[in-house]
Amino acid sequence: MNLQLLFSGFSTGIIYSLIAMGMVLIFRSVGIMNFAQGEFLMFGGYFCYMFNRLLDLPIGLSLILASICMGFVGVVFMRTSYWPLRHAESKAIIVSAMGASIALKEGARLIWGAVPVTVDRASEGVVNIGTAVIMKQNIAIIVIAFMVMVLIYLLLEKTFIGNIMQATAQDQYMASLTGIPVIVSIGMTFAISAMITGIGGGLLAPLFFLNNTMGTTAGAKAFAAIVIGGFGSVPGAIVGGIIVGLVEAFGGAYISSTYQLVLIYVVLFIVLMLRPQGLFGEKIQEKA
Amino acid sequence: MENTMKERHLDVLKLEHVSKNFGGVVAADDICIEINPGEIFGLIGPNGAGKTTILNIIMGIYDADKGNIYLGGTDITKLPTYKRARMGIARTFQHPRLLTRCDILTNIQMGIDLTKRTQKQNVDESELRELLEAANLQDVDLSLSVGQLSYGQQKLLEIVRAVLSHPYIMLVDEPAAGLNHREMDYIVALFNIAVKKGIAVLLIEHAMDLVMGICDRITVLNFGKQIMTGTPDEVQNNDEVIAAYLGGSANAED
Amino acid sequence: MMKGTRKGNLITGRYMITLTCITIAGCFLPLVLSSYMLRVMNIALISYMCVLSVYVLLGMCGQNSFAQAGFWGVGAYITANCLLKLNLGPIVSMIIAIAGTALFAFVLGFAFFRLKQYYFTFATIGLMTIFNGLFMNWKEVTGGALGISGIPPFAIFSFEFSNETSKFFLIIFCAFVVTFLMKILFNSSLGRQFMAIRDNELAAGCMGINPLLTKSKAFAIGGALCGLGGALYAYLSGYLSFQVFTYNQSTMYLIMIMLGGTINPIGALIGTMIISLLQEFVRPLQNYMQLIYGVGIMLLMIVQPEGILGGIKALYGKYNERKTLRRSEA
Amino acid sequence: MTRKLKAVTLLLIAMLLAFPVFAGGNSESSSDGPEPIKIGLTAVLTGDRSLEGQYSRRVIEIVEEEINGSGGVLGRPIEIVIEDSLGTDIGAVNAYRKLASDDDIVAIITPDSSNDGMAQSPSALEFRILTTAQGSSPTLRDMCNNDNPYLFQIRTCDETLCKALIDYAYEEFGPDAKYAVIHDTETSSNDQARLFTEALQAHGVEPLVTVPFTTGTKDFSSHIAIIQQSGADVIIAAAFQTEAAILIQQIRSMGIDSPILGSNGFADPVTIGLAGELCDNVYSGVQWVPETTNPKGAALAAEYQERFNEACGKSAAQVYDNINIICEAIRIAGTTDREAVRDAMSTISDYHGAITTYDCRTNGGCGLGGLLVRVTKGQAEVLGEIISEKDI
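Protein chains in written order, with the numbering used here: chain U, -9 to 278; chain S, 474 to 727; chain G, 1315 to 1644; chain H, 2 to 393.
It should be emphasised that the hints constitute simulated quantities derived from the structure, not laboratory data.
One thing to keep in mind: the hints can contain errors.
20 Å max Cα-Cα, derived SDA-like pairs, lysine to any residue [to be verified]:
{"id": "1", "chain 1": "G", "residue 1": "1481", "chain 2": "H", "residue 2": "102"}
{"id": "2", "chain 1": "S", "residue 1": "589", "chain 2": "G", "residue 2": "1481"}
{"id": "3", "chain 1": "S", "residue 1": "589", "chain 2": "G", "residue 2": "1504"}
As the structure is a prediction and not an experimental result, all values here were calculated from the model.
One chain only, chain U, in its complex shape:
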């Protein structure tokens, strides 16, 4: 039984890691938390549904096409919600992102209707390990998500484009001085962030189905994941997401099933009280 909980907790957790990773990439490059990241998950799922069910393409192809569309959504989102406000206070950008999340939710409902929908599973059937019955979809999610993370790591660390994005993330002003087109680089960061989270939506859809407001709760859990993992650290986001998934699974079974969502935030407080900067984050240094 515990093995089942481990796998389902791990697979949902790794989806939260994908969302959290998307958020951290944006946070590192422009310094604000994207409050509409949950909506990227939902849109990614709906694009996958559009390709898979409406155009009857295989699930693998649908996932890829969905993430490409999400790339464009990321860029459009950046251009409308962040770029005009890049010199404004961070609170203004947060509120603009909130406005965007309301608009994205309603947009999805108007385009794809309010009836919950689903997509084919990445891999059908179940695997029996001892008494535990584990859905192949959970394993597929973990494998695909892991591949995406490796891909992102290679892109950011090893390629030239990655260096440009890292440079812009460190210091936009300096980057523009060295000839890097800052708007293109930030646009790419948003695109990649939306693609990662969008894929998470496509993977999650067969398990938890799609409706236009699934993004909000998923986004809130991703926040918890980032804070537990420590701000601004990509490995922190990944580990934080998995911790949230596991807490949700095991907390629900052993502690209290009614307050499952609340347990995540109780763990969040405990971590913050012990290590105010999260597991991997650096202490926020206040300059005198």
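Using the hints, position chains S, G and H against chain U.
For chains S, G and H alone, coordinates are given in the frame of chain U:
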């Protein structure tokens, strides 16, 4: 307002073997300083010598690794910043930290609040007028937003506020940086008023003519070590100081 | 307090504008509005009190909290329980609600304000989720998912505030008193401490301000405001359920104050009115209502990042600069 | 932002806001012919429960055409005015009061949730308008009976359906079957779980374990693990459609194929659409399924499917019945005066709607019955009709 510190104890502020390092980088090494009431004490040294670090250690922003700090005889090494401020240490910053979105009077009022809370005395108008005149701010409309003051005026305002909070000692961090000569005279005027009230001043400054002019005693720091402490003319003729500033050491004299 | 040369500079004279707006609204609106719009105005004024709590926390003290709707709920449920279970008088219940929520927020403040900046904000998102979970599942106190119905209207001695207009006068009176208290707070030493912390916490420490205690005081004042809002909502609607005290409601408060401007309470009033009326105004759009609403928020932010008031202040700032230049040339 | 661009955007926003003012009231206010009779409907058009709103919005077209086609009511056409309740109490009350302050609105229908119904009750008392509630919880029924003469619960109370399902299951699975209960803590699911347990206790059987979960939970592996451990061989469950579909899917994928006794969300076309064949062996005592044996209901389901190419959901059938029963009351009253229509409503004792027959002599639980269904091969198969008598 007669300063009670004089009768109570000989020195206002005493640093005993204070040292601090940030992971290998020695910021302060075995610093011993004693400052008497109403004395202007200079702290000079090349950039990165650890001057501001000491200020932060006195203020409690950083905790000293070794040694203790005494304010009028009581040990304040372990106290949090706000308690030290309430006991009578005022601080100004290299870049002025004023309430940017408020008007000038509110900023001045901050200093007065501290006095009312700690010494239960109200500050009368004449004292404020005297300080404003010394800082040549007397004709500025106090209801204007602080943002409309020049950089120099903001630094002077910060010193005025520090004096108004009637501390035992004022830690002043590079007041003359970015000021023209006329404004430097205002600083000297403000310091004189402070000394008259018995307030001691710990001054960090690079403008040598200002330091040598008004300081009673000076300590020279280099790479966190205390080279010497003495009167301005002793410091000027000490060859080790000259070596640190002019001769052998690589860093350029500013 | 020092009698400085305090002229009608926009930054200091703002309270008069807010107070006069509220008194004018108090006299004319009940005659003009239908009872539907009066209910919308009542809800807007209650939201105004909670947005004032965000103003104290964010505008004055620089701390961004997402748990204000939770405290709003705590105030409402305390009132309901005092009235129905302990059958205390309406005035006593309201006072207990305000004091109870304030004390609760003060105690929570000591735990939460050890965290800095973003960490604090996200801890309050967690707190909001916990509040909503408790409101939904704690049957004995909050009636669980069914909520609490049959809350008697507010009454002083024998006069019952039962119809919409009398409720409006009660709420707008409270709004007036609360705004006046804000004026006193802003000019008090506590208000100055909040602003010192907002500008730079370390520098505030150097001026003898205990950051943890002062921020907890701000949280307590925010709690008191939300407690009052909660009590008034309980009397206004007569029915409480968890559906209202949600994370989305807290984000709504942030949007309201950001649109209005975080510099002073007139911003809170403007922002609240714009959002509340915008929601009712676009009702005829039916299906597309929320879409226009979301896009509207984005556009308003893009055009006026510092909020409506920020714009006016910027205009006023230019006028001021010319004034100083003239003075220094003279 | 250049000054010109700022001005243009401000103009755009002003236009954006002004547009709804000119759009004014609802679009299809017919000018020619007699004044239409207006009936108000508050429904959740946006947010989490927007699915109900979508059904309500679509079924209105069918109802209006049907009634206006057959000569309308008292010779006048009817017009349904819909307002969005945004899924919260405040939204529901604002929508209600906007409708109520329009004098030619004769009656108002609440959204499909007990919370919203209870929130609107004080306003119904204030405006003294006939209000038909779609919520199914017993608490709402008591409020209709005792506190608010204007509030009628035009719905079968959960008690009847839950009791009928448990009685059927007791015969079907025998006295020594062991039961486990899992339910959402949301209002109606909460009540249904309690009613299921009480019906079981009436048969002298105790559920082995009761596992609550909060609305919006997606990962039930921990909850199902508890049920597995309890060794129950029949699972009783109460939840909305989305959670129901996820729950069924996860139960079946964990290799548990014991029968599931579900609340009305479990045999809903949406749930079957999502979980498909996995829904087999699910029993439910429901208000409505598209495959209903009720003649009026079957006609409505066929018309809805043909017009919208989508199965007709419970909310659609409920709004259909609510509107028709209000029209019946108006016909009996012979006038559109609000008091008269209310009094006429309480005289209706045997009205045959698309879902069931209605007896409104007492305000609470006017619906008398429903359907007992089992899902086989992805289709809801009606096992029998549930009917109960109202003790006046």
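- Hint numbers not upheld by this structure, sorted from lowest to highest: Violated hint: only 2; rest satisfied.
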